Amino acid sequence: MGYGDDAYWYEAAYVYGVTNGINAVADGLRLPLENSDTPARKPLIMPIEFEEASDRVKDTYSDIMTFYQSEQIPAIFKTLAHDDGYLKDYWGAVRFVFSDGRLDRLTKETLAFTASMAAKSDYGVDFHLTEARRLGLSEKGVMEAVQVVQLFSCYTKMADGLQLSPDFDPMGVT
Amino acid sequence: METVRLLEEHEFPQELQKYFEGTKTWFGIDYLPKMSKVISYAPEFANTHGRCSRRAMVDGDLTRAQKEMIAVAVSAVNACEY
Numbered sequence: 123m124g125y126g127d128d129a130y131w132y133e134a135a136y137v138y139g140v141t142n143g144i145n146a147v148a149d150g151l152r153l154p155l156e157n158s159d160t161p162a163r164k165p166l167i168m169p170i171e172f173e174e175a176s177d178r179v180k181d182t183y184s185d186i187m188t189f190y191q192s193e194q195i196p197a198i199f200k201t202l203a204h205d206d207g208y209l210k211d212y213w214g215a216v217r218f219v220f221s222d223g224r225l226d227r228l229t230k231e232t233l234a235f236t237a238s239m240a241a242k243s244d245y246g247v248d249f250h251l252t253e254a255r256r257l258g259l260s261e262k263g264v265m266e267a268v269q270v271v272q273l274f275s276c277y278t279k280m281a282d283g284l285q286l287s288p289d290f291d292p293m294g295v296t
Numbered sequence: 006m007e008t009v010r011l012l013e014e015h016e017f018p019q020e021l022q023k024y025f026e027g028t029k030t031w032f033g034i035d036y037l038p039k040m041s042k043v044i045s046y047a048p049e050f051a052n053t054h055g056r057c058s059r060r061a062m063v064d065g066d067l068t069r070a071q072k073e074m075i076a077v078a079v080s081a082v083n084a085c086e087y
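First to last, the protein sequences are chains P and Y. Quick note: to get the numbering used here, add 122 to the position in the first sequence (first position is 1). Quick note: to get the numbering used here, add 5 to the position in the second sequence (first position is 1).
Simulated from the structure, these hints should not be mistaken for lab results. These numbers were taken from a predicted model, which means no experiment stands behind them. Be aware that one or more of the hints could be misleading.
[Claimed, not checked] Derived EDC-like pairs: lysine to aspartate or glutamate, alpha-carbon spacing no greater than 20 Å straight-line:
(1) Y:Lys-39 / P:Glu-193
(2) P:Lys-262 / Y:Glu-73
(3) Y:Lys-29 / P:Asp-177
(4) P:Lys-279 / Y:Glu-16
(5) Y:Lys-23 / Y:Glu-49
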């Protein structure tokens, strides 16, 4: 299977772009990790819990829980809920970006996991690795993804350090 | 502009030529990528790290295409044009 169609790459860009945006806020505000058993981080802005949320926010929370098949609402969305309109639209974007498209949902979560690792985001790695596993990523697949992140984190640093210009125009490669 | 002079293919040890041909075949190109030249400056690094790359990028539980897409995501996060 190849990714010759631009649609794949647009979708991939949406995934690592949105992931980077979420991670910047989640780690910047020290939101507690969703799944890892580590000492909880104390958030700098307190998340809004379901019970104290407005009806509009509760509707969005319900959609989030359905999407992730979890009774837990990720802290990032509970934080964005301080502006219910922003939460509703941002969640709409996230749901769109991470739904099955030309790329399937598992591929997207795997991409988000690797983008989070490359960005050194504790929140993102914890969240997206858990989600990718839930969607069926094997442990062999996890290690394969880890290897690619490690290798290309190395190559990109060497390329930058030596100021290598690209070898070819990516539009010319299918 | 590169900060080092990248060696021409013929300047590398003969033992690496087979690896170079494999690299061109892998990418479907008729020249050696700059990163391959960087890695191959030290043959010991080319042999070990290069093997890691080949091992990591073949189809496995993730396809080669998925792995290339991950590589692009990593490059984007690291803001690397190369």
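Going through the hints against the structure:
Our distance criterion of 20 Å between C-alpha atoms is broken by Lys-39 (chain Y) and Glu-193 (chain P), whose separation comes to about 50 Å. Taking the CA atoms of Lys-262 (chain P) and Glu-73 (chain Y), the gap is near 17 Å; set against the 20 Å cutoff, the hint holds. Restraint check for Lys-29 (chain Y) and Asp-177 (chain P): the C-alpha separation of about 59 Å exceeds 20 Å, so the hint is violated. Simply put, Lys-279 (chain P) and Glu-16 (chain Y) have alpha-carbon atoms about 25 Å apart, too far for the 20 Å limit, and the pair is violated.
A distance of roughly 15 Å separates the Cα atoms of Lys-23 (chain Y) and Glu-49 (chain Y); the hinted pair therefore holds under the 20 Å criterion.
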